[in-house]
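Number of protein chains: 2
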Amino acid sequence: MKIARFRDARRTAFAVVEGEELVEIRGSAYTRFRKTDTRYSLKDVKLLAPSETPQIWSPGPNFAGHPGKAGQPRSESSSNGAQHPEPWQRGMNALTGPEDPIIIPKDSTGEVHLEGEAVAVISKLCRRVTPQQASKYILGYTCGNDISERTWQREDGSMWRAKSSDSFAPVGPWVETSVDPQDMEIIVRVNGQEVQHTCAKNMRFSFAQIVSYISQQVTLHPGDLVFSGATSASAQLHPGDVVEVEIPGVGLLRNPVVAEFDSSK
Amino acid sequence: MKIARFRDARRTAFAVVEGEELVEIRGSAYTRFRKTDTRYSLKDVKLLAPSETPQIWSPGPNFAGHPGKAGQPRSESSSNGAQHPEPWQRGMNALTGPEDPIIIPKDSTGEVHLEGEAVAVISKLCRRVTPQQASKYILGYTCGNDISERTWQREDGSMWRAKSSDSFAPVGPWVETSVDPQDMEIIVRVNGQEVQHTCAKNMRFSFAQIVSYISQQVTLHPGDLVFSGATSASAQLHPGDVVEVEIPGVGLLRNPVVAEFDSSK
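These protein sequences, in sequence, are chains A and B.
Residue numbers for the first sequence follow the numbering used here, beginning at 32 and rising by one.
Residue numbers for the second sequence follow the numbering used here, beginning at 32 and rising by one.
These are calculated hints, taken from the structure and not from any lab test.
Keep in mind that a hint or two might mislead.
Note: identical chains are not told apart, hence a pair may lie in one copy or across any two.
What the hints assert, rightly or not - Below, simulated DSS-like cross-link-like pairs (lysine-lysine); rule was C-alpha separation at most 30 Å, straight line: (1) Lys232 with Lys33; (2) Lys137 with Lys155; (3) Lys137 with Lys66; (4) Lys33 with Lys155; (5) Lys137 with Lys167; (6) Lys33 with Lys77; (7) Lys66 with Lys232; (8) Lys74 with Lys167; (9) Lys232 with Lys74; (10) Lys155 with Lys77.
In isolation and in its complexed conformation, chain A is listed as follows (with noise of 0.2 Å):
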């Protein structure tokens, strides 16, 4: 089944999504809901990000071949060495949904880089879960793109402009309930070109295991995201490009690159 937010004229809502159709749904899209009579067509409406005010989690590096932190080799503290995930946090401003636009920030210097990867959405209240109970408590799987300014990832202190600026986090296109996770494939385009291409059987620690290790500490709640963490070499972005993120069986999120608009120039 799968799981949409969308905004027609009027307001947003929850649906499933039924072949070219979206079925409003009444209760919470997260536990339980009920359909409604009400159907739209998906040409007619916007979609979302699937989820309102989330907490947005990742992994660190997760894959084989990723190249750490900002572009650096390797050391122990990635992810050939660690025992455990290296969770992070981005702020939820960043999130943003289907067909809306990357915007390079104004006073980026312009090495802004993308990166595909699956993403669990979890589904109710998570604290202190094992990796065997961490499936229940995850809704399902959508597309996600890291975005990161290169420059302040390597310079600042923490991560917060270069992974948490505006629009640097587009979920969707919608959560996708049915689907083994660490058998998606995840495919990423830039202008009809494949850049990345690996499948989720070669994350280092898998959802359930970083599900089970952030609730250690922290309580999920219905809504928030949990990234796959990167999945190799970044590829980097500039205005007029056209992103696309593909997981086969649960869906395509696409994406227009453009620049903030200076009005000082």
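Assemble chain B onto chain A, guided by the hints.
Frame of chain A; chain B shown alone:
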């Protein structure tokens, strides 16, 4: 005026504090509201942190005398040398209210420290504002406590659990809208004994400068919280302690310290 958020037996709501009473309000606590005829005695309700789903920001070391990250000596990158704030963010799961326990995680080394601070509460969407404009985007000020697990802060790659473990951001008791922010006195007591006493006029970067700086990359939302930065050397906490952060003219935030229940023992 003092604006509080509270819970009674049935629900949560916002109110204006008048003496020992709460007057419930209707509308947005952050922008425009009217008082209702519904009154509660302060002693009959539970005060909550005065924000619902905030992002929580800090400016990095911001007072002379603070030892910098995790007790290390200051370097060029810390407050004395910095040309701008070094913002970082903590999870909203860490937010907790007046009289709620600060929980020392069962897997902590025990090196859990307090830092009493003042906190600005954002009133409306705020993006690329100047320091001169920033005060128009701040509803008022409250008390906050920046709780840190110093071992995790030194050893982890990010501050996700060092600063964002559940209960590590007590905030309250309410928002005072009429106060000169850079003139606030911040007093911290542990078990009745004063351990910190400083004034916001010693902040290297003012609240207006911090809010302006964050807003260059991030859209701040109503209810978002911006801490002042730590005021001086921090104090270690132990189960059974009672911590108070008082800002005269604003309010007093009190929290007991407890050890997390360990069912494995």
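Hint-by-hint comparison with the structure:
no. : hint               : in the structure
1   : Lys232 with Lys33  : within (22 Å within a copy, 53 Å between copies)
2   : Lys137 with Lys155 : between (38 Å within a copy, 23 Å between copies)
3   : Lys137 with Lys66  : neither (44 Å within a copy, 43 Å between copies)
4   : Lys33 with Lys155  : within (18 Å within a copy, 34 Å between copies)
5   : Lys137 with Lys167 : between (42 Å within a copy, 24 Å between copies)
6   : Lys33 with Lys77   : within (16 Å within a copy, 40 Å between copies)
7   : Lys66 with Lys232  : neither (34 Å within a copy, 56 Å between copies)
8   : Lys74 with Lys167  : neither (33 Å within a copy, 40 Å between copies)
9   : Lys232 with Lys74  : neither (34 Å within a copy, 55 Å between copies)
10  : Lys155 with Lys77  : both (26 Å within a copy, 25 Å between copies)
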